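With these hints in hand, go ahead and build the complete structure from the sequences.
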Amino acid sequence: MLILGIECTAHTFGCGIANSKGEILANVNSEYIPTSGGIHPREAARHHASVAASVICDALKAAGKNIEEIDGFAVSLGPGLGPCLRVGATAARALSLYYNKPLIPVNHCVAHIEIARLMCKIDDPLVVYISGGNTIISAFSDGKYRVFGETLDIALGNCLDTFARYVGLPHPGGPHIEKLALKGSNYINLPYVVKGQDMSFSGLLTMAIRKFKDGAMLEDICFSLQETAFSMVCEVTERALVHTGKDAILLTGGVAANRRLRVMMESIAKDHGVVFKAVPVEYARDNGAMIAWTGVLSLLHNVTIPVDESFIRPRWRLDAVDIPWRMNKHEVNKEGC
Amino acid sequence: MKLIKKGAEAELYLINWFGYKAIKKVRVSKNYRIQSLDNFLRNYRTLNEAKMLINVKRINIPVPTVFDVILEEFSIVMEFIDGKLLKDLIPQLDDEMLDEIFTNLGCIVGRLHENGFFHGDLTTSNVILVDKNIFLIDFGLGGVSQEIEAFGVDVHLMLRALESTHHEISQKCFEYFKNGYSSTFSKSKEVFSKVLEIRRRGRYVVERRVKATINSFCI
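Keeping their order, the protein sequence lines are chains A and B. Each residue of the first sequence is one higher than the one before, counting from 1 in my numbering. Each residue of the second sequence is one higher than the one before, counting from 1 in my numbering.
To be clear, the hints were calculated from the coordinates, so they are not data collected in a lab. Keep in mind that the hints are not guaranteed to be accurate.
Where chain A lies over chain B, by a calculated footprint (3+ residues, C-beta under 8 Å) [to be verified]:
1) 24-32
2) 117-128
3) 152-166
Restraint-style ranges between C-beta atoms, simulated for each label pair [as the list claims (entries may be wrong)]:
4) A:V275 / B:K132: 37 to 45 Å
5) B:E73 / A:N302: 55 to 63 Å
6) A:A216 / B:N133: 50 to 58 Å
7) B:N39 / A:E31: 39 to 47 Å
8) A:D247 / B:G143: 32 to 40 Å
Remember, predicted model here, so these are calculated numbers, not experimental data. In this text, a Cβ means the ideal position worked out from N, Cα and C, and glycines have one as well.
Structural data, given as structure tokens:
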């Protein structure tokens, strides 16, 4: 079985091709980089529309496949930015209708988890998914990926990016903050907000900006910002790990590239005697391959959607999706859920 | 000193404290965070928990009695409550028992809030039952507040704990909880609408789009 997947939820238009053996035959991605400021949804959508055809052709070329050989078209219908989602959905619907092959709805967050499991060869991990749009700690239980902790307002990556933009660091801000943080050593007190299992980063962002205005050293603020935000995620991760009893931590999403965060997560894993893996950056960021691979899993379990019902779902929650491909292997586990 | 539980944040030891069976709760250092943040959090939460336990005891909220606080080792020595976690007991309880326990729990939390205190991490894992008697534990994230928000977060956390861990019976239990809560807290109505607001604030919540009324879902 050969599935072509289209990722189009925010800044990246991606196209991946995967087969049922779990081989990724192509992963071509084109990122919209704003000339100034953050992602403008309409501008991003314009970028995606202009590159869609060439990205899809490049992916087919890279896989050495003809489009007639594709058995189904998967697309990320959400969660994400409406204008962007519409571009990807339109492309996938058109392909599905024209080649008369099933259209497969994929949840962007589920796709991140599935590609992470595939790449790291870990069956049942606690997943820590941290990017510009999402901050979710999740584990499989009772038929769904349950959310054991998430942000109450902005995502961690969003907090870092917005701060970077404010202080004049180039896009993308995360890696620049990471570099500057290495030179900082004075910890500045910043709001550490954990409410039960959830986190809040908006106050942290406001305070970091205020400290910058007050003339604190940028290196020290970057250092403190990272330490505070990452410690919050780590605390919630550790609690979820104890609560669920999973035997591995998997780090994914754009922020997974951060070395400091990896070291911190690794330390938790070591303390609890579990495995730690971070997803390779290529597959940790938004990409088409993850949609294609999740499409394979979905189609194997007959998860398809008629074109006239394939509405985009900008607020599609991770824990609203049934995961039939894991139903048999993991019986209902009351303890862990 | 016998280790009886290793949680994410603290280790619990069963000790003999001048002839009393007691629990020593030690907030352990976390290697992942830098020392200044680590010390700050452990110190703040140990002190905060001890203060909270002592203060809410004064208004007759059932909590373990604090015997000693040793800030140098970030530990609290407190009364040992020989019971079971509500979370573990729920599967064995029949409807009548659930009604009694959750109504009672609602009453206690209502009284806590009526006096201006909030718990901060109110879940079924932080409630101990000795027969039918309820004890609240783990006040490290608690505090005092004048605002409805903090109380709303407590009720929201309880609802979420019920939904994620005991989803078949969550609605029923929450109804019982609300009955008790309304009977002891004068601002319970405001809190319930706050809970709706908190839920809608969450990311990718379907209800956010819908102009939810109080009756539109489970509350």
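Do the hints match the structure? See the list:
Only residues whose beta carbon comes within less than 8 Å of a beta carbon in chain A count, and the segment 24-32 of chain B has 3; three or more means the coverage holds. Three residues within the 8 Å Cβ limit are the bar, and the segment 117-128 of chain B against chain A gives 5, so the coverage statement holds. Counting residues of the segment 152-166 of chain B whose CB falls under 8 Å from any CB of chain A gives 5; the rule of at least 3 is met. About 42 Å separates the C-beta atoms of V275 of chain A and K132 of chain B, a value consistent with the hinted range of 37 to 45 Å.
A hinted range of 55 to 63 Å holds for the C-beta pair E73 of chain B and N302 of chain A, which are about 58 Å apart. Taking 50 to 58 Å as the suggested C-beta distance range, the pair A216 of chain A and N133 of chain B conforms, at roughly 51 Å. Distance hint for N39 of chain B and E31 of chain A: a CB-CB separation of about 41 Å, consistent with the stated range 39 to 47 Å. Range check, D247 of chain A to G143 of chain B: Cβ separation about 35 Å, and the 32 to 40 Å hint holds.
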